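Work the whole structure out from these sequences, hints included.
As given, the protein sequences belong to chains A and B, one line each in that order. Just so you know, the numbering used here puts 137 at position 137 of the first sequence, and the rest follows in order with no gaps. Just so you know, the numbering used here puts 53 at position 53 of the second sequence, and the rest follows in order with no gaps.
Everything labelled a hint here was simulated from the structure, so no lab data went into it. Among the hints, erroneous ones may be present.
[Claimed, not checked] Short derived list, chain A residues pointing at chain B, Cβ under 10 Å:
#, residue
1, PRO205
2, PRO213
3, ILE216
4, GLU219
5, ALA223
6, LEU226
7, ALA227
[Stated by the list, open to error] Per label pair, the in silico range of CB-to-CB distance:
#, chain 1, residue 1, chain 2, residue 2, range
8, B, ASP61, A, VAL388, 48 to 58 Å
9, B, TRP37, A, LYS310, 50 to 60 Å
10, B, LYS65, A, VAL72, 27 to 37 Å
11, B, ASN50, A, LEU226, 56 to 66 Å
12, B, GLY83, A, ARG306, 52 to 62 Å
[Said to hold, decoys possible] To be clear about the criterion: a stretch of chain B counts as covered by chain A if any three or more of its residues have a C-beta under 8 Å from a C-beta of chain A, and this derived list gives those stretches:
#, stretch
13, 11-17
14, 22-29
The structure presented is a predicted model; accordingly, all values stated were derived computationally and were not measured. From the three backbone atoms N, C-alpha and C, an ideal C-beta is built for every residue, glycine too.
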Amino acid sequence: MSKRIGLEASFATAEAARMADVDVIAAYPITPQTHIPERLAEMVADGELNAAYVPVESEHSAMSACLGAAAVGARTFTATAGQGLELMHEVVYAASSMRYPVVMTVCNRALSAPLSVWGDHSDAMAVRDTAWIQVFCQNSQEAFDLTLWAFRVGEDPKVLFPVMVHLDGFHLSHVTEPVILPEQEEVDRFLPRFHYPFALDPNRPMTHGGFGPPDIYSEAKIAQELAFRQSKEVVLQAWKEFGDIFGRCYCPVESYRIEGAKTLLMTMGSFTETAKIVIDERRGKGEAIGLISLRLWRPFPFEEFRQTVKDAEILIIFDRCISPGMGGPVFSEVRSALYDEEPRPKVVSLIGGLGGRDMSDEDFDYVVSRGKEIAEKGSEKMLETVGVRGEVIRIRG
Amino acid sequence: MTQKRLKIGTDFTWRDMEVGNIITEAGSAALRRTGDWRSQRPITDKEKCNKCNLCWLYCPDAAIKPLEDGYYETDLFYCKGCGICAKVCPKGAITMIEEEEQ
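This is the structure in structure tokens:
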């Protein structure tokens with residue numbers, strides 16, 4: 001029997017790694033990720049988890065150690081946040097291009113300066129192009145479920161890519177919520193033992209990480225890009241298997257009350273649940289409004305996304321990050337994804353929740369009102385940051 | 001990439017890449033002339049050499065090979081021309097010369 005208990009999202013993540021029976025954990029503590037490696041270190045010390053816990057001296061070393069572990073076929077896990085993710089940045093690329101299915105939780109944190117330990121999506125957007133499969137979690141249950149799922153997808157012989165599971169720092173990582181924990185037998189059925197087909201072995205010498213001169217680099221990157229895009233088949237298949245075993249179903253683009261919706265609000269991560277309150281209130285008043293949440297960020301789910309928004313007139317994108325000199329990064333991508341579609345909704349950008357700033361239901365109500373206003377005035381190319389004190393600066397983007 | 005495939009030519013496409021660009025056979029470096037970006041090459045004067053083997057020891061690319069007579073020779077197929085051998089030689093027996101001087 002599965003059991004339903006109150007669990008902080010960080011601990012739910014650690015529990016998922018334990019039930020996945022990881023072999024190696026190499027992590028360096030950083031707020032707001034600390035509870036994850038702390039709990040895993042505790043489990044290893046207490047004999048609840050038979051794994052090597054490598055207490056590395058930096059995040060660069062953490063990811064490097066993860067690569068080494070994955071290269072010999074170990075099921076490997078790490079977690080980081082914000083500046084830590086930046087410090088390991090170059091090795092993050094190596095993990096995916098060397099095709100090591102490491103699983104990493106990122107407790108999303110704003111980037112310095114000014115120094116902030118609080119959450120936004122700046123760190124996630126900085127690793128957008130690293131060829132990791134990336135998902136955003138809305139709650140503790142998803143933190144558990146998507147961590148298990150991440151191992152299943154990444155280790156699939158048709159995939160062999162690392163997977164990043166994003167949890168909003170503090171707003172999700174430190175929140176205790178009810179989580180349904182499955183039986184070990186169910187987890188084992190969903191997640192068979194990992195057999196890395198290219199594991200380093202002295203009896204079968206081979207080279208990992210050779211150099212790529214100009215006459216081969218392009219071919220290497222195109223091969224990687226095709227394999228990365230094809231991984232979506234397994235992403236979907238693994239979610240289906242997950243639903244069959246655990247009874248909870250996931251999809252790349254979650255939709256909430258979108259039937260007949262003329263206006264759609266789009267969010268990523270845990271703020272989605274707050275935004276749902278506003279959708280319920282406005283639906284209650286008869287407004288044709290719905291919400292979509294992008295769960296699968298990479299590879300970008302073009303087909304599902306276009307299908308979900310095709311009947312909307314206005315699409316309001318809420319970003320928790322600014323791409324300096326450009327605007328909301330998710331907005332930019334989404335607008336680009338719709339450029340060739342006919343008809344397509346007016347796409348409006350609003351930015352907020354930077355560096356841990358709370359976004360209440362009232363704030364999301366403003367996002368919707370203001371988003372509709374911008375769209376109706378025809379100034380949809382404007383971008384605006386919600387809740388900033390001082391006169392409103394609206395930049396043409 | 002197998003050794004055969006490492007002979008990269010116009011018939012080598014992205015489909016020929018192994019997962020993760022792994023080279024699945026050992027010893028493939030033998031097929032790859034990595035000394036061709038060298039701008040200077042070491043020239044050894046046997047008259048000055050005392051067979052101390054420091055050049056062999058310090059070479060970062062294992063491009064210096066011992067000969068049967070106890071002297072050393074540089075394998076220019078791999079030598080990158082870094083000049084470490086010339087620097088560590090206690091007898092000044094190794095000189096770096098520009099490639100175009102031949």
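Each hint, compared with the structure:
1. The restraint placing A/PRO205 at the interface with chain B holds, with a minimum CB-CB distance near 4 Å, inside the 10 Å limit.
2. The interface hint given for A/PRO213 is met, as the beta carbon of that residue sits about 9 Å from the closest beta carbon of chain B, less than 10 Å.
3. Interface restraint check for A/ILE216: the shortest CB-CB distance to chain B comes to about 6 Å, inside 10 Å, so the restraint holds.
4. Here the hint on A/GLU219 is kept, as its CB sits about 4 Å from the closest CB of chain B, short of 10 Å.
5. Contact between A/ALA223 and chain B, as hinted, is supported at the beta carbon level, the nearest pair being about 4 Å apart and thus within 10 Å.
6. A hinted interface residue such as A/LEU226 counts as satisfied when its beta carbon comes closer than 10 Å to some beta carbon of chain B; here the least separation is about 7 Å, so the hint holds.
7. Look at A/ALA227: its Cβ gets to within about 7 Å of chain B, closer than 10 Å, so that hint holds up.
8. At roughly 56 Å, the beta-carbon separation of B/ASP61 and A/VAL388 lies within the given 48 to 58 Å, and the hint holds.
9. Restraint check, B/TRP37 to A/LYS310: a C-beta distance of roughly 53 Å satisfies the suggested window 50 to 60 Å.
10. Judged by the Cβ atoms, the range 27 to 37 Å given for B/LYS65 and A/VAL72 holds: they are separated by roughly 32 Å.
11. Take B/ASN50 and A/LEU226: their Cβ atoms lie about 57 Å apart, and the range 56 to 66 Å holds.
12. The hint said 52 to 62 Å for the Cβ distance between B/GLY83 and A/ARG306, and at roughly 59 Å that hint holds.
13. Residue count for the stretch 11-17 of chain B with a Cβ under 8 Å from a Cβ of chain A: 6. That meets the three needed, and the coverage hint holds.
14. Check result for the stretch 22-29 of chain B against chain A: holds, 6 residues qualifying (beta carbon to beta carbon below 8 Å, three or more required).
Going through the hint list in order, the structure satisfies each hint without exception.
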